[in-house]
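Participant: The residues making up each chain are set out below.
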Amino acid sequence: QKEVEQNSGPLSVPEGAIASLNCTYSDRGSQSFFWYRQYSGKSPELIMFIYSNGDKEDGRFTAQLNKASQYVSLLIRDSQPSDSATYLCAVKGPGGNNRLAFGKGNQVVVIP
Amino acid sequence: NAGVTQTPKFRILKIGQSMTLQCTQDMNHNYMYWYRQDPGMGLKLIYYSVGAGITDKGEVPNGYNVSRSTTEDFPLRLELAAPSQTSVYFCASSVRTGFNQPQHFGDGTRLSIL
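Chain order of the listed sequences is A and B. The opening position of the first sequence corresponds to residue 938 in this note's numbering, with each subsequent residue numbered one higher. The opening position of the second sequence corresponds to residue 42 in this note's numbering, with each subsequent residue numbered one higher.
Excised from the complex, chain A in its bound form (with noise of 0.2 Å):
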């Protein structure tokens, strides 16, 4: 049973401060690695995946990925309120079902 963890509690951050998200996983086979974001009511949308060892930027957001440890991290810069959300890790395991395990999520509570 691939398992993935989001052990953090709600993180709170100044407006303009990095938020840092970090997610471990226990399938070693595990190919792909998504974030995703959730508003309060709303569904999840996409903001980025990684599938490489590494980092991977798009804008103000940086995945870091390191399969040898297991560990998917999201790093926001710049941190704005329309930021304040759940965010998900989500890790898609071999096979091709596409078939993805979620984490708990980690609330950001961006503090204008």
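Since the hints were made in silico from the structure, they are not lab data. Think of the CB as a built atom: it goes at the ideal place given N, C-alpha and C, for glycine as much as any other residue. Every clue listed holds true.
Listed next, the stretches of chain A that the computed footprint assigns to chain B, with coverage defined by at least 3 CB atoms under 8 Å from CB atoms of chain B:
#: 1; stretch: 977-986
#: 2; stretch: 1040-1049
Some chain B residues judged to face chain A by a derived CB distance under 10 Å, without partners named:
#: 3; residue: Tyr72
#: 4; residue: Tyr74
#: 5; residue: Tyr76
#: 6; residue: Gln78
#: 7; residue: Lys85
#: 8; residue: Val91
#: 9; residue: Ala133
#: 10; residue: Ser135
#: 11; residue: Arg137
#: 12; residue: Asn141
#: 13; residue: Pro143
#: 14; residue: His145
#: 15; residue: Gly147
Given chain A's structure and the hints, the job is docking chain B onto it.
Facilitator: Just chain B now, kept in the frame of chain A:
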């Protein structure tokens, strides 16, 4: 382009009633999924389908049934509603090719069983 459309958006059921949650997508995606999300939790996979006529169980299939007669539609059936099925249900779809293809989500159905 509507993407993934779910109906209804809200529903209250009595214990023991049955209902079907509808999901349709217009992106010609082969893969479709049903998730449930309980408060403060991540998404749990109920059932998924890799194409018309093919369905398979996910992590939490008990109490649910699905069918996939067309590429576009993937309804989820609750036969005997129980309070434990109170949740938000999301339908998602993705293309078949490419290991980094994301899943696209509908707006969800909020279901309460009383």
